[in-house]
Structures are given as C-alpha cells and as structure tokens.
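Protein chains: 4
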Amino acid sequence: MSIALRSAEVMLAADRASRALGIELRSAGPGTGEVTMVVRPDMANGWDICHGGLIATLADTAFAVACNSYGVLSLAAGFDITFLEPGQVGDHLLARAGERAVKGRTGVYDVTVFRLRPDGTPGDPIAEFRGRSRNVGRPILD
Amino acid sequence: MSIALRSAEVMLAADRASRALGIELRSAGPGTGEVTMVVRPDMANGWDICHGGLIATLADTAFAVACNSYGVLSLAAGFDITFLEPGQVGDHLLARAGERAVKGRTGVYDVTVFRLRPDGTPGDPIAEFRGRSRNVGRPILD
Amino acid sequence: MSIALRSAEVMLAADRASRALGIELRSAGPGTGEVTMVVRPDMANGWDICHGGLIATLADTAFAVACNSYGVLSLAAGFDITFLEPGQVGDHLLARAGERAVKGRTGVYDVTVFRLRPDGTPGDPIAEFRGRSRNVGRPILD
Amino acid sequence: MSIALRSAEVMLAADRASRALGIELRSAGPGTGEVTMVVRPDMANGWDICHGGLIATLADTAFAVACNSYGVLSLAAGFDITFLEPGQVGDHLLARAGERAVKGRTGVYDVTVFRLRPDGTPGDPIAEFRGRSRNVGRPILD
Numbered sequence: 001m002s003i004a005l006r007s008a009e010v011m012l013a014a015d016r017a018s019r020a021l022g023i024e025l026r027s028a029g030p031g032t033g034e035v036t037m038v039v040r041p042d043m044a045n046g047w048d049i050c051h052g053g054l055i056a057t058l059a060d061t062a063f064a065v066a067c068n069s070y071g072v073l074s075l076a077a078g079f080d081i082t083f084l085e086p087g088q089v090g091d092h093l094l095a096r097a098g099e100r101a102v103k104g105r106t107g108v109y110d111v112t113v114f115r116l117r118p119d120g121t122p123g124d125p126i127a128e129f130r131g132r133s134r135n136v137g138r139p140i141l142d
Numbered sequence: 001m002s003i004a005l006r007s008a009e010v011m012l013a014a015d016r017a018s019r020a021l022g023i024e025l026r027s028a029g030p031g032t033g034e035v036t037m038v039v040r041p042d043m044a045n046g047w048d049i050c051h052g053g054l055i056a057t058l059a060d061t062a063f064a065v066a067c068n069s070y071g072v073l074s075l076a077a078g079f080d081i082t083f084l085e086p087g088q089v090g091d092h093l094l095a096r097a098g099e100r101a102v103k104g105r106t107g108v109y110d111v112t113v114f115r116l117r118p119d120g121t122p123g124d125p126i127a128e129f130r131g132r133s134r135n136v137g138r139p140i141l142d
Numbered sequence: 001m002s003i004a005l006r007s008a009e010v011m012l013a014a015d016r017a018s019r020a021l022g023i024e025l026r027s028a029g030p031g032t033g034e035v036t037m038v039v040r041p042d043m044a045n046g047w048d049i050c051h052g053g054l055i056a057t058l059a060d061t062a063f064a065v066a067c068n069s070y071g072v073l074s075l076a077a078g079f080d081i082t083f084l085e086p087g088q089v090g091d092h093l094l095a096r097a098g099e100r101a102v103k104g105r106t107g108v109y110d111v112t113v114f115r116l117r118p119d120g121t122p123g124d125p126i127a128e129f130r131g132r133s134r135n136v137g138r139p140i141l142d
Numbered sequence: 001m002s003i004a005l006r007s008a009e010v011m012l013a014a015d016r017a018s019r020a021l022g023i024e025l026r027s028a029g030p031g032t033g034e035v036t037m038v039v040r041p042d043m044a045n046g047w048d049i050c051h052g053g054l055i056a057t058l059a060d061t062a063f064a065v066a067c068n069s070y071g072v073l074s075l076a077a078g079f080d081i082t083f084l085e086p087g088q089v090g091d092h093l094l095a096r097a098g099e100r101a102v103k104g105r106t107g108v109y110d111v112t113v114f115r116l117r118p119d120g121t122p123g124d125p126i127a128e129f130r131g132r133s134r135n136v137g138r139p140i141l142d
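Chains as they are written, first to last, in the working numbering: chain H, 1 to 142; chain V, 1 to 142; chain R, 1 to 142; chain B, 1 to 142.
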C-alpha cells in the first residue's frame with residue numbers, strides 16, 4: 001500500500017469526527033486526496049440546506065488526506081472557502097484535494113466540493129476551499 | 001423579545017446540524033451573536049484534537065446569528081479561518097461574532113472562537129474567522 | 001483577434017496603474033490571463049524585498065484579464081494571497097491566472113506568481129492568489 | 001519616541017514602494033498603525049477606479065506598521081481583502097490596522113480602509129483586509 005494511502009488510513013481510523021459524519025476515503029496519492037459524504041437530515045441548517053461548516057469539514061478532511069500524504073504530520077493553519085451553491089439533504093458530495101504549492105513547512109492545497117451525479121461522476125462544484133498547512137516534521141507511520 | 005433574538009431562535013430551532021453538535025445560543029443583538037459548544041470525543045480528528053471543520057462550524061453558526069440579526073435572510077458567501085491553537089476534547093468553546101462592515105447586500109463579520117475558563121469567561125482565542133454574507137432580502141419573521 | 005485578447009487590450013490600455021508598474025500582457029484566453037512585471041528598486045519595501053501589495057497588484061491584474069476574458073465586465077469582490085517566498089529587486093515575475101469555477105455572477109480564479117528563469121520559463125512559485133469576481137453584466141467591447 | 005513609532009519610521013524610511021505611492025504614516029502604537037494615500041490618476045485601473053491591488057498595498061503597509069510595532073521583525077505570510085466600494089481618483093484614503101490575535105509566531109491583524117471626509121475624519125469603509133503575519137524574531141532597532 002502506498003505511503004499516501006497508509007497515512008490516510010492511520011489518520012482516518014482515529015478521526016471520530018469524520019466517522020460521525022459518515023465521511024469515507026475514496027483515494028489518496030502524493031499531494032492528493034478524495035473523500036465523500038452524504039448530506040443527512042441532521043446536517044441541515046435553519047434554512048434547510050447543508051450547514052456550510054459541514055461542507056467545510058468535508059473539504060478539511062480531504063485537505064488533511066492530501067497534506068499528510070507524504071507520511072509527515074501537517075496541521076491546518078487555516079483555510080478559505082467560497083460557497084457556489086447550497087448542498088441539499090440527500091446529496092452525495094465528493095471533496096477532491098490537490099496540492100498547489102509547498103515551500104518549506106508551508107503548503108497550499110485546493111479542494112473542490114462536487115455534487116455527485118447518480119452515476120457517481122462529479123457534477124457541478126458547490127464550494128471551493130483553499131487550505132494552508134504547516135508541516136510539523138513528525139512521521140505519521142512507524 | 002428583540003428582532004435579533006427572535007431571528008436567532010427561529011433559525012436555530014430548525015438548525016439540526018447545530019443541534020446535533022450541541023451548539024447553544026448565548027446571545028444575539030444587532031449585528032452580533034454568541035454560541036457555545038463543548039468538544040465531545042466524537043469531534044476529535046485523527047490527531048486527537050477538535051476537527052478544524054467543526055470549530056469552523058461553530059464559528060459559522062455564530063456568524064449566521066449575527067448576519068441574520070436584522071430579521072432579513074442572509075446566506076454565507078464564504079469565510080476564512082485561521083487556527084491559533086488546537087481545541088481539546090472537553091473544552092467549552094465560545095464563538096463571538098460581530099459585524100465589521102455592511103455595504104449593499106454584502107456583509108463582513110468577524111468571529112473569534114475562545115476557550116472558556118472554568119468560571120465561564122473567555123480565555124485565549126483559539127481561532128479567528130471572517131465571514132462574507134450575502135443578504136437575499138427575504139424576511140425571516142412573519 | 002479573440003474576444004479574450006481584445007477585452008484585455010481594451011482594459012489594459014486604460015489601466016494606468018498597471019502601466020506605471022511596467023505590467024505587460026503576455027497572453028489572454030477564455031478564463032485565463034498572463035502578465036509580467038520586473039521588480040524595480042522603487043517596488044521594494046522596508047526590508048528590501050518586493051512589497052507584498054505589489055505582488056498582489058500583479059496577480060490582481062492577471063485575475064482581471066482572466067475574469068474579463070468573455071467580454072463582459074467583472075469586478076473583484078476580493079482576494080486572498082499567500083506568500084511563499086520574497087520577490088527580489090531585479091526579479092522577472094509572471095502571474096498566471098486560470099478560472100476555477102463560475103456560478104451565476106460569482107467567479108473564483110486562481111493566480112500563481114512565478115519567478116521567471118533566465119530562459120523565460122516559470123521557476124518557483126512565490127505567491128498563490130485566489131480572486132473572487134462579480135460579473136456586472138455590462139459588455140466590455142462595442 | 002515610542003518603540004512602535006521608531007520601528008515604523010525605520011521601516012518606512014527604507015520602503016521605496018510606499019514612498020512611490022505617496023503613502024504617509026499617521027500613527028503607530030502597540031499593535032496598531034495608520035497610513036494615508038491619495039488616489040492619483042496613475043493608480044486607476046482600466047475601469048477608471050483605483051486598482052484593487054493598490055488599495056491592498058496601502059492596507060498591507062498599515063499591517064506592516066502594526067505587526068512590527070513591538071520592534072521585532074514580522075513578515076506577511078498572506079492576507080485576504082474584501083472590496084466594499086471602489087476608490088476614486090482624488091480620494092484621500094486612510095488604512096487603520098489593529099491587532100486581533102497573536103499566538104506564538106503567528107499574528108492576525110485587521111485593517112479597514114476608509115475614504116476620508118473633507119474634514120479629515122474617516123467616512124465609509126471601502127475595503128476590509130485581514131493580514132496573517134509571521135514573526136521572524138530579529139530586532140528592528142539597534
């Protein structure tokens with residue numbers, strides 16, 4: 001198994017928050033990561049659309065998969081998210097993360113959150129997320 | 001009851017996501033809002049600290065209280081968050097939102113997430129969030 | 001000449017700020033744009049590196065080329081920039097903009113600022129910029 | 001003279017970019033800074049309003065005054081800016097920076113850019129900026 005996949009599995013096995021939200025790993029590679037989530041009724045906000053914070057949480061998990069994919073612990077220093085359209089209860093969402101730049105201990109990762117079509121392919125993007133990571137230099141794997 | 005408080009109560013009564021996370025309203029005023037959350041074990045990420053997305057979710061709810069406090073529906077266009085220190089399981093967190101600027105349909109709101117001290121007063125800030133809202137012009141209250 | 005190139009030329013012909021900074025158009029296409037700038041001594045800040053605001057200005061011009069490339073006026077609603085390494089006096093910089101997502105009147109564009117190598121090819125990225133645009137619906141060309 | 005004012009004066013005396021734009025120091029204190037700029041014709045973009053990058057440059061200089069006000073060198077790691085209304089040629093602008101949070105080597109500073117009224121008092125905000133600084137630990141003053 002690749003270092004990226006092993007790092008993602010070690011991380012997600014202990015990630016109770018992602019598990020409670022039903023977030024599942026779809027792929028991990030060097031500088032990349034994909035996770036999915038189905039918008040449940042208990043993820044809706046007061047306007048009956050998916051709470052923006054939970055869309056950000058999904059994207060943040062994809063970001064964590066990507067920025068930890070080299071087997072060295074990185075933490076989120078922060079992120080920015082732009083919402084393009086609301087998520088609806090029942091939507092199957094995919095967050096796809098890719099590395100934009102790494103310089104020293106700082107990384108910049110982009111994550112697009114897509115609504116999946118019935119055939120499982122990505123449809124329209126519903127949010128664009130950019131994460132800023134900080135490599136803390138500690139190995140993830142033994 | 002003030003328009004701000006009534007708007008917050010209408011919104012939060014229907015906000016299943018915030019309820020599932022145990023987020024509670026502490027105050028609402030014109031352009032302001034405060035909500036609290038206790039970091040539960042099922043909110044920890046793979047590094048055993050509070051998932052950053054859930055800290056953002058707490059801040060996003062405070063932002064929603066503040067930007068909807070005039071009784072007119074506003075939605076989040078996006079936000080930026082900077083993490084200053086990790087949240088720990090068991091922490092009592094307070095997110096305090098205030099209005100920075102409103103121009104036309106666009107609003108800018110700042111939210112600080114604090115760890116509460118045992119006496120219930122805000123301790124160190126653990127995250128700084130800035131939300132961008134879009135007023136959609138529809139009344140919240142009948 | 002393409003709509004993208006004609007729109008860029010109309011815009012930049014009137015852009016005295018970009019001209020004063022020596023910013024030059026290199027390319028424009030649908031949703032894309034590239035501009036260059038040489039870091040002059042009068043662009044250095046108090047630490048003798050290129051003022052970050054001017055790196056942002058270069059990126060903002062590339063963003064304007066890209067988000068106006070369909071011949072319809074778009075304005076910047078805001079942007080975020082992360083600095084990866086300093087620009088030095090004498091550096092030849094390239095800002096390359098691409099469209100990430102457009103939904104309704106809102107657009108998200110990414111711009112990477114590169115230091116050019118002596119042979120004119122992009123070297124290391126020195127900054128990552130993400131612009132948020134608002135289409136105001138007015139044609140640029142007659 | 002205070003450490004904040006001395007640090008600002010040392011920094012700005014060498015800041016050729018700010019000088020070329022006519023940026024002037026108005027005040028500096030612990031964690032704060034104010035600078036002014038008049039929008040000249042050569043600061044207009046292709047739509048005949050002040051280039052957004054130069055508004056960001058003004059705000060970035062105010063941010064630099066504030067984050068260097070303790071006499072220890074800090075550099076910008078990045079910033080976010082939201083434009084609320086355009087600057088016009090002839091406008092007198094004021095950028096007012098304040099510290100929001102500092103934790104370890106990371107700082108968060110907010111800057112509001114105001115259009116000044118004829119009597120010199122701040123009128124409407126035209127932009128909201130948030131800077132992220134990184135303290136590099138080197139003293140500014142001898």
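Incorrect hints may appear among the rest.
[Claimed, not checked] Derived CB-CB ranges, DEER-like:
| no. | chain 1 | residue 1 | chain 2 | residue 2 | range |
| --- | --- | --- | --- | --- | --- |
| 1 | H | S2 | V | P41 | 42 to 50 Å |
| 2 | B | R26 | H | R26 | 50 to 58 Å |
| 3 | B | V136 | H | V136 | 13 to 21 Å |
| 4 | H | D119 | V | G120 | 22 to 30 Å |
| 5 | V | E9 | H | V136 | 36 to 44 Å |
| 6 | R | Q88 | H | G90 | 40 to 48 Å |
| 7 | R | R138 | H | D42 | 28 to 36 Å |
| 8 | R | V136 | B | V136 | 38 to 46 Å |
| 9 | B | D42 | R | K103 | 31 to 39 Å |
Source of the hints: derived by calculation from the structure; they are not laboratory data.
Just so we're clear, the structure is a prediction, and the values are computed from it rather than from any experiment.
In this text, a Cβ means the ideal position worked out from N, Cα and C, and glycines have one as well.
Hint check results:
no.	hint	result
1	S2/H with P41/V: 42 to 50 Å	30 Å, violated
2	R26/B with R26/H: 50 to 58 Å	53 Å, holds
3	V136/B with V136/H: 13 to 21 Å	19 Å, holds
4	D119/H with G120/V: 22 to 30 Å	52 Å, violated
5	E9/V with V136/H: 36 to 44 Å	42 Å, holds
6	Q88/R with G90/H: 40 to 48 Å	53 Å, violated
7	R138/R with D42/H: 28 to 36 Å	44 Å, violated
8	V136/R with V136/B: 38 to 46 Å	41 Å, holds
9	D42/B with K103/R: 31 to 39 Å	35 Å, holds
When each numbered hint is compared with the structure, violations occur for hints 1, 4, 6, 7.
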